[in-house]
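A.B. asks: Chain residues, written in single-letter form:
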Amino acid sequence: GAGVSQSPSNKVTEKGKDVELRCDPISGHTALYWYRQSLGQGLEFLIYFQGNSAPDKSGLPSDRFSAERTGGSVSTLTIQRTQQEDSAVYLCASSSTSGSKETQYFGPGTRLLVL
Amino acid sequence: AQSVTQLGSHVSVSEGALVLLRCNYSSSVPPYLFWYVQYPNQGLQLLLKYTTGATLVKGINGFEAEFKKSETSFHLTKPSAHMSDAAEYFCAVGRGSTLGRLYFGRGTQLTVWP
Numbered sequence: 001g002a003g004v005s006q007s008p009s010n011k012v013t014e015k016g017k018d019v020e021l022r023c024d025p026i027s028g029h030t031a032l033y034w035y036r037q038s039l040g041q042g043l044e045f046l047i048y049f050q051g052n053s054a055p056d057k058s059g060l061p062s063d064r065f066s067a068e069r070t071g072g073s074v075s076t077l078t079i080q081r082t083q084q085e086d087s088a089v090y091l092c093a094s095s096s097t098s099g100s101k102e103t104q105y106f107g108p109g110t111r112l113l114v115l
Numbered sequence: 001a002q003s004v005t006q007l008g009s010h011v012s013v014s015e016g017a018l019v020l021l022r023c024n025y026s027s028s029v030p031p032y033l034f035w036y037v038q039y040p041n042q043g044l045q046l047l048l049k050y051t052t053g054a055t056l057v058k059g060i061n062g063f064e065a066e067f068k069k070s071e072t073s074f075h076l077t078k079p080s081a082h083m084s085d086a087a088e089y090f091c092a093v094g095r096g097s098t099l100g101r102l103y104f105g106r107g108t109q110l111t112v113w114p
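For the record, the sequence lines run as chains A and B. Using my numbering, read the first sequence as starting at 1 and increasing by one per residue. Using my numbering, read the second sequence as starting at 1 and increasing by one per residue.
No lab work stands behind these hints: they were computed from the structure. Please note that a few of the clues may not be correct.
Residues of chain B clear of chain A, computed beta-carbon distances all greater than 10 Å [stated by the list, open to error]:
id : residue
1  : L7
2  : V13
3  : A17
4  : S28
5  : Q42
6  : Q45
7  : A54
8  : K68
9  : H75
10 : M83
11 : F90
So the derived list for chain A, only partly shown, Cβ under 8 Å to chain B, looks like this [said to hold, decoys possible]:
id : residue
12 : G42
13 : A88
14 : G99
15 : T103
16 : Q104
17 : F106
The beta carbon of each residue, even a glycine, is placed where N, CA and C say it ideally should be.
Using the sequences and the hints, build the whole thing.
C.D. replies: So, in structure tokens, the structure goes:
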């Protein structure tokens, strides 16, 4: 596709349920990032994948959060036993190579609401 | 450690007036600096970035920013605001290394009055 796509665009769930958020990066991009955008917290880094290297998970807020990237392309962010404080917009980004000087291209985000 | 401070969570200007959005950073290594814009219900779009070289960087939509190492600043300016500039603006810093994560400021909401 022309840009980064994310699905679903909106997700409403009940506290305690698990959710999966999907990200399709720009074709050929080797680096993929997940960020969380919530009121009062700004944009927080969650996790970063680069090629076949071990991901940088240093931003994951708890062990309820996990992510994988299959085949070096699509990524899924999973939140287990969701809590109300998990409500936020989850943004995915990709870049052509690794390195913080590379432009990150963002998807439109998944808006998660935990009731 | 890296951090980014955006002074002013809300900025209002009249159409045609100068836009100035402030960003200061702290970084233990030479930084890479970015400004992104976010329109409602959309993802972030890159406006401009500084990596190396000329410290005055020009971006899309008439925006520019100047890297001032001595002031640890990367303020965003536009000489004449347009209604379509109304959006949220984020400053971000990356470490001067191969690590990819960005550190974002809290954002500045720009309102443009007719």
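A.B. asks: All the hints need checking, so say for each whether the structure fits it.
C.D. replies: Structure-based check of all given hints:
1. No beta-carbon of chain A comes within 10 Å of the beta-carbon of B:L7; the shortest separation is about 14 Å.
2. Residue placement check: B:V13 keeps its beta carbon more than 10 Å from all beta carbons of chain A (closest about 22 Å).
3. Listed as a non-interface residue, B:A17 keeps its Cβ farther than 10 Å from every Cβ of chain A; the least gap is roughly 26 Å.
4. Annotated as non-interface, B:S28 keeps its C-beta farther than 10 Å from every C-beta of chain A; the closest such distance is 13 Å.
5. The claim that B:Q42 lies off the interface is violated: its Cβ sits roughly 6 Å from the closest Cβ of chain A, which falls inside the 10 Å cut-off.
6. Residue-level check failed: B:Q45 sits 7 Å from the nearest beta carbon of chain A, not beyond 10 Å.
7. Non-interface call for B:A54 relative to chain A: holds, since the shortest CB-CB distance, roughly 15 Å, exceeds 10 Å.
8. Once the 10 Å rule is applied to beta carbons, B:K68 is consistent with being away from chain A; the minimum gap is 19 Å.
9. Every CB of chain A is more than 10 Å from the CB of B:H75 (nearest about 18 Å), matching its label as outside the interface.
10. The claim that B:M83 lies off the interface holds: its Cβ sits roughly 22 Å from the closest Cβ of chain A, which is beyond the 10 Å cut-off.
11. Annotated as non-interface, B:F90 brings its C-beta within 10 Å of a C-beta of chain A; the closest such distance is 7 Å.
12. A distance limit of 8 Å between C-beta atoms decides the matter here; for A:G42 the minimum to chain B is near 4 Å, and the interface restraint holds.
13. A least Cβ separation of about 14 Å between A:A88 and chain B goes past the 8 Å threshold, and the interface hint is therefore violated.
14. Against a cut-off of 8 Å between C-beta atoms, the interface hint on A:G99 holds, since the closest Cβ of chain B lies about 5 Å away.
15. For A:T103, the suggested interface contact is upheld, since its CB lies about 5 Å from the closest CB of chain B, less than 8 Å.
16. With 8 Å as the threshold, the beta carbon of A:Q104 comes within range of chain B, its nearest partner Cβ sitting at about 7 Å, so the hint holds.
17. The criterion of a C-beta within 8 Å of any C-beta in chain B is met by A:F106, whose closest approach is roughly 4 Å, and the hint holds.
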